[in-house]
Amino acid sequence: MPLANHIPHSQRRCLRRAAPTLRTWLVVPFVLQIFTAVGLVGYLSFRNSQQAVNHLAHQLIREASLRVDQHLDTYLASSYQIARSNAELVESGLLNRQDLDLVGYQFWQKVKLHQKISYMHFTQTNGNYLGVGRWLPGEGITVDEVSPRTKGKNVVYKIDSQGKRTQKIGAYDFNPLTYPPFVRTSQLRKPNWSPVKVLQEIDGYVALVFGHPVYDRNQKFIGMMAADLTLSQIGDFLQDLQVSPSGKIFIIERDGMLIAHSVKQPILKATAKDKQRLNILEDPDPQIKATVQYLQRKFGSFEQIKNAQEFDFQVGGDSSLLTQSERQFVQVTPWRDKFGLDWLVVVTIPESDFMKQINANTRTTILLSLAALFIATMFGIFTARWVTQPILRLNQAAKDIAKGNWHQTVELNRTDELGELTISFNQMAGQLKESFETLEQRVSDRTAALAESNHQLEHAKEKAEVANQAKSSFIANMSHELRTPLNGILGFAQLMTRSKTLSTEHQENISIITRCGEHLLTLINNILDLSKIEAGKTTLNLKHFDFYRLLSDLEDMFRLKAEDKRLQMLFEYLPDVPRYVETDEVKLRQVLINLISNAIKFSDEGGVSLRVKAIASSEASPTHTLYFEVEDSGPGIAADELDKLFEAFAQTQTGKNAQEGTGLGLPISRNFVQLMGGEMNVSSQVGYGTLVKFQIQVTAVEAADEETVRFKRQIIALESNQPRYRILVVDDKDINRQILVKLLSPLGFEVKEAENGQEAIDIWQQWQPHLIWMDMRMPVLNGVEATQYIKAQANGNSPKIIALTASSLEEERAAILAVGCDDFMRKPFRDYEIFDAMAKHIGVLYVYEETQNQPQVYLPTAKLQPSDLNSMSSEWLSEFHAAATAGRDQRLMELIEKIPEQNSAIVQTLKHLVDNFEFDALIELTQSIS
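Number 1534 marks the last residue of the sequence shown (our numbering); no jumps.
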């Protein structure tokens, strides 16, 4: 068979697709190196040029902006200086304000001296007005006067070279006292700039007016000295200031009104009625307009520009303002003076002013790169042809061998490396012919074996997935079926505890039923723990709890069972064991239940003991290590079977003889202990019993969580002034509905029932309940579908829906909440969980039972000291000791009732000892003080 047939199909497909030849691989890298080197040099040159342009552009705009600022400082300061000096002349008496001819002559001299001042004038509060300046086109310097001798008219005169009036030019009505700059100055009474004025009669006359108040010797306001500066002079300066061939400078007020720009265009626009100042957004220059639009986009408004800023932006291309896309360098600088002017000086320079030579260099670089590319390609093709011709012959020979022509050889008369390669190739061809004959059979055998192995693995994987799915389904269904009747047991037990007519004995019996039910619930939950352990998903649920109460409950739970087998049961723990601890109470309880249960189960005589001691990590640390020992007097375990104890579903011979248990208790217990930071060990001897030791890490705390003392205050009614709450209970099991109905109805809730989701929807539409307790598994229409329908049709006024489910799988919680349920609660539930949920979701307020009764708190015998009875009289102590010695339990109870109520914990502990006939402990307690 040809060798090519043994090449994998994917590799043959790659060979057919492989277009580049060896000649290409020799030529292309060489060409790319030349092209990359030239291109990189050109690119770096271009980038360095761009950086130089950026630096130069920013330097130019900073310099231009600085020169504009300096010019504005100098130019505008002249108005202030002139107006102030004129005012000081009048206030000092050097200039008689009543002699208007003298005032006019003084003004004429200063106007001639200061070319920047276009006009200066003096307005008095008596209505007199005198102004001198260059404001009439073609008339030179003129003088304006309003006084009694002009009969209230503003008369304009020419002035000769000596400053004397020569000819009356005209007269017009003008009231100086209503002149805006005068009105502004008379109100402010301080130097100020008036808004820009536009003379409609004079084409292009736009000026700033600086007003300075004038006072007499009594500091009485008598008038205003003013000086006008035309904005055209600022514009002339900007036009003379050449930043770059296309650079622009403009000055605007904060509202966007144009002060001046470097473009030879008017700053006024003509309307149908008059001439108005130009807003910068209306400037016809596209470069200025594009810059202003960018400033507005960047800052929102000109008011937001608080300090000098430099930036650049791209403009043009698809813009209607500029036909070509280019970058603009911009600096905007706020300019202010102490008299109220607040302008923005904007300098903009296009990048194209600097890039002409750089672009020419770029074109040259491209041409050089193309020439170098062409030369390198030609040289590479020649070199590649000389190198590849022998290789191509070897390639053709190799293809012939691949097709099965094993006698193919290559003849090449060269002494270089390619000649040596030819000799090696001919030798390899001979060896291939010898070795390949057996290769095909080996590959075929290996392929068949691998296919069979893969098939077995796939089959095993499918079986494992089916088994896992079946196990999960079984566990979920089993948990549901067990929780449903257990919900009835615990629910009605809770209802009975609320009764006031039960005797103390019955209350204690119900309490035992409740605790046993809760232990059974814990066992059901732990069925799932095995699968969680296998999946590595077991976690700790830390809580604060009463460790003494846990031990007391366990002792009560197993005492009767031990007495039935005539076994002694002893619980011992030293005083240094902390009462309130933080760890996983459920897992610790389960471990102890498993161990004590096994000890009693496998012991027929003797006894069972539980010993606990604690060692603190340090005096200041709350962390303790609790050491547990559970010892029995059973038949013991053989040494060779100890290793099987912690294997799931494995049992020792003793366990098989007892025909009890599943073999899961110890594996689960050991895993829980390891999760709580400890380890478990077993030692045993056949015929002498078994000792199980383990330790866990706990943290000592001040008190138990609220849950452990929740029953201290019982709810007896609803507070007044609340709505009549309507509660709908939906469950296909009548017993589950009755628990909630009997729990809620006596308190004042209106409660209705529904057997399935469809019935719940019908009642909701007619009755509109405030809250719905919704079971998830129901016939006709399940809880998920009913919840989705109600939430979709409620139009924003849906009731609160709390899911009730007997499932214990945590992953179902997220799925149920996702369909629209407002909360999630598992069966069996506790009454306070129901009440708390309704308070949380619909705001129910309750009335609690006013009682001082506390739950029984038993002090362990090790904690009850003779000093605890020091408050009792010596007669009481003697009589109590005698009754304990005689075993008179009724007399002991009578004496215990005489202990003050504030010592309720001591009372309950003594009663507990009497109930359990522990007279030896009572005798020892009173021995030394009776």
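Since the hints were made in silico from the structure, they are not lab data. The C-beta atom is built at its ideal place from N, Cα and C for all residues, glycine as well. Careful: at least some of the hints might be erroneous.
Label pairs and their computed distance ranges (CB to CB) [claimed, not checked]:
{"no.": "1", "residue 1": "Leu-1036", "residue 2": "Lys-1067", "range": "25 to 31 Å"}
{"no.": "2", "residue 1": "Glu-805", "residue 2": "Glu-914", "range": "41 to 47 Å"}
{"no.": "3", "residue 1": "Leu-803", "residue 2": "Glu-914", "range": "48 to 54 Å"}
Listed below are the simulated DSS-like cross-link pairs for lysine-lysine, each with C-alpha atoms no more than 30 Å apart in a straight line [to be verified]:
{"no.": "4", "residue 1": "Lys-879", "residue 2": "Lys-868"}
{"no.": "5", "residue 1": "Lys-1147", "residue 2": "Lys-1037"}
{"no.": "6", "residue 1": "Lys-755", "residue 2": "Lys-1217"}
{"no.": "7", "residue 1": "Lys-1067", "residue 2": "Lys-1037"}
So, against the hints stated earlier in the document, which numbers end up violated here? 1, 3, 5, 6, 7
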